[in-house]
Amino acid sequence: MTTETFEFQVEARQLLQLMIHSVYSNKDVFLRELVSNASDALDKLRLEKLRDDSLDADVSDLHIRIDVDKEARTLTVRDNGIGMSYDEVGQLIGTIANSGTATFLQELKEAKDAAGAEGLIGQFGVGFYSGFMAADEVTLVSRRAGESQGTRWTSRGEATYTLEKVDDAPQGTSVTLHLKPADPENQLHDYTSPWQIKEIVKRYSDFITWPIRMVPEAGEGESAPEPETLNSMKALWARSRDEVSDDEYHELYKHISHDWREPLETIRLQAEGTFEYQALLFVPAHAPHDLFTRDFRRGIQLYVKRVFIMDDCEELLPPYLRFVKGVVDAADLSLNVSREILQQDRHIRMMQRRLTKKVLSTVKEFMTKDADRYATFWREFGTVLKEGLVTDSENRDAILAVSSFATTHADDEPTTLAQYVERMKDGQDDIYYLTGESRQSIENSPHMEAFRDKGIEVLLLTDAVDEVWVDAVGEYEGKRLRSVAKGEIDLDAAGDEKADEEREKQAEDYAGLLGWMREQLDEEIKEVRLSARLTVSPACVVSDAHDLTPALENMYRAMGQEVPRAQRILELNPGHQLVKGLNQAYKEREDRSGLVESAELLHTLAVLAEGGQPKDPARFVKLVADRLERTL
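In terms of the numbering used here, the sequence shown is numbered consecutively and its last residue is 633.
Warning: the hint list may mix true and false statements.
The calculated label-pair distances, taken between Cβ atoms and stated as ranges, are [stated by the list, open to error]:
1. Lys166 x Asp59: 53 to 61 Å
2. Leu292 x Arg347: 27 to 35 Å
3. Asp184 x Asp54: 45 to 53 Å
4. Ser442 x Asp627: 26 to 34 Å
5. Thr294 x Arg347: 27 to 35 Å
No lab work stands behind these hints: they were computed from the structure. Think of the CB as a built atom: it goes at the ideal place given N, C-alpha and C, for glycine as much as any other residue.
Build the full structure now, drawing on both the sequences and the hints.
Right under this line is the structure:
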């Protein structure tokens, strides 16, 4: 057979060199990855055979086998699973055709310690290459089920690899590691030792549902013994809680999620009755770096009677719980299913409702019984959970009950809406909030001045989703959610005759200036009025009660939805000296052309104060420079 030599991609070559030359505190991870890949191949063959009875493949004894040759210093992990064709070996093994490779490389380089670096293995689908941590050369032989010819792939982890077609390859895949020379001073990583192999399999792969076999060492003069099974093959989700240790649950989580850290919480669920299923879910302790990217792989592993069906079943949990990992094993569900059929399956919908409620009730327990774990959960996943306030009306109340928000009531203690309502002042009918990029920018906003002076609590919302959910929710326990930057605000007590008389007097005094400024700024604003929310700043811009905020407009445009730009309202502080002076100049001058620039500057300053941008930055700079020059 002809042997062809190929060069690795540049990124693949860099990755291999990092793996070969980096120092890891626990190199055993490579065997976990190879066994996991073998298990996946067996799952895929079983599923393929269920879907296609005509497939010429032996599924009578699906298993994983580990062979050790001490003299040759080789370790082989083989399976009789789905296997790979010649083209698939070239595509999946010869190149690291994965968009995450560059990110993986960067994180691997930046890892501060060995444990952190080794945990990155597997995150981007490169677990196969972890074998080069222990081997000088790796040989892979694979034959796809149903095909007659196999493929041999060989590489020393340097610049090239070879591909060769072979005729005598068995069904499945075998990976042979030509181990590095033994280190007499370090016997902890002697991968020719059968007892070490057993320990590693027991520690990392005991939950694999396929038998992992190895032939024990024969005594002197003894014939070769029968292979022994190294793992229990008992699915953790099918075993009672007192039979499984926390470490075993954590290892399953790490296998599923490729996260090297322990989960924040393990959730068990067993449904009995007309439709039975078991679920083992994990809430991570840290949000993955790609949680908000389009390519983020979400979903739960779906099994039916322990037969693997789907790796990332998105239909089992709503998108706002996409960070949850785990396994669901149903007793009765059609095996020959597509994602479209899954979306319509009433059993799937039933499971999704139950799993969603279970996860939310678990978060509720965090909140009521373990403040530290709740704080961790909300810091990592609060932003994504709030998406459910927009998309899941059925569970909206439950999500609101476990949501907390920064508030002017305390610098470092978030509050729930229930706590906010308990603290509302007498006569206060609304729950006030303000959105912005950061707590500091919100607290310094002119819109907050009257609320700060009167001691009225305001929710400080800094996540992009906050712009959307407040409108979707609308109210809480009969109290309207109201932005302090929209509509008219009047915080004076109802029936305050003195305040009413003062406002009427100011309205009459400023009527001319307000009308004139409205004409001068016609292209920018739709109204100029006196403000009841300003105590320090001269002016601010607000949105009408039912208009989109500028931030929400920009969000829709970023998503490709063109929305008309709403004109804002300019509010003036009648108690500010600048506004008083402008009003006095307006009354005294017949030629008011010199005041136009002042009106324009006042409006632009108000836009800047809320974090906006001048329509014409160059003109704004020129106006400010001219004014500064006149003062010198």
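Now for the hints, and whether the structure bears them out:
1. Here the CB-CB span from Lys166 to Asp59 is close to 21 Å, at odds with the stated 53 to 61 Å.
2. At about 30 Å, the CB distance of Leu292 to Arg347 agrees with the hint of 27 to 35 Å.
3. The given range of 45 to 53 Å is respected by Asp184 and Asp54, whose C-beta atoms sit roughly 51 Å from each other.
4. Ser442 and Asp627 have their C-beta atoms about 29 Å apart, which keeps the hinted 26 to 34 Å range intact.
5. Our hint of 27 to 35 Å for Thr294 and Arg347 holds, since their Cβ atoms are close to 32 Å apart.
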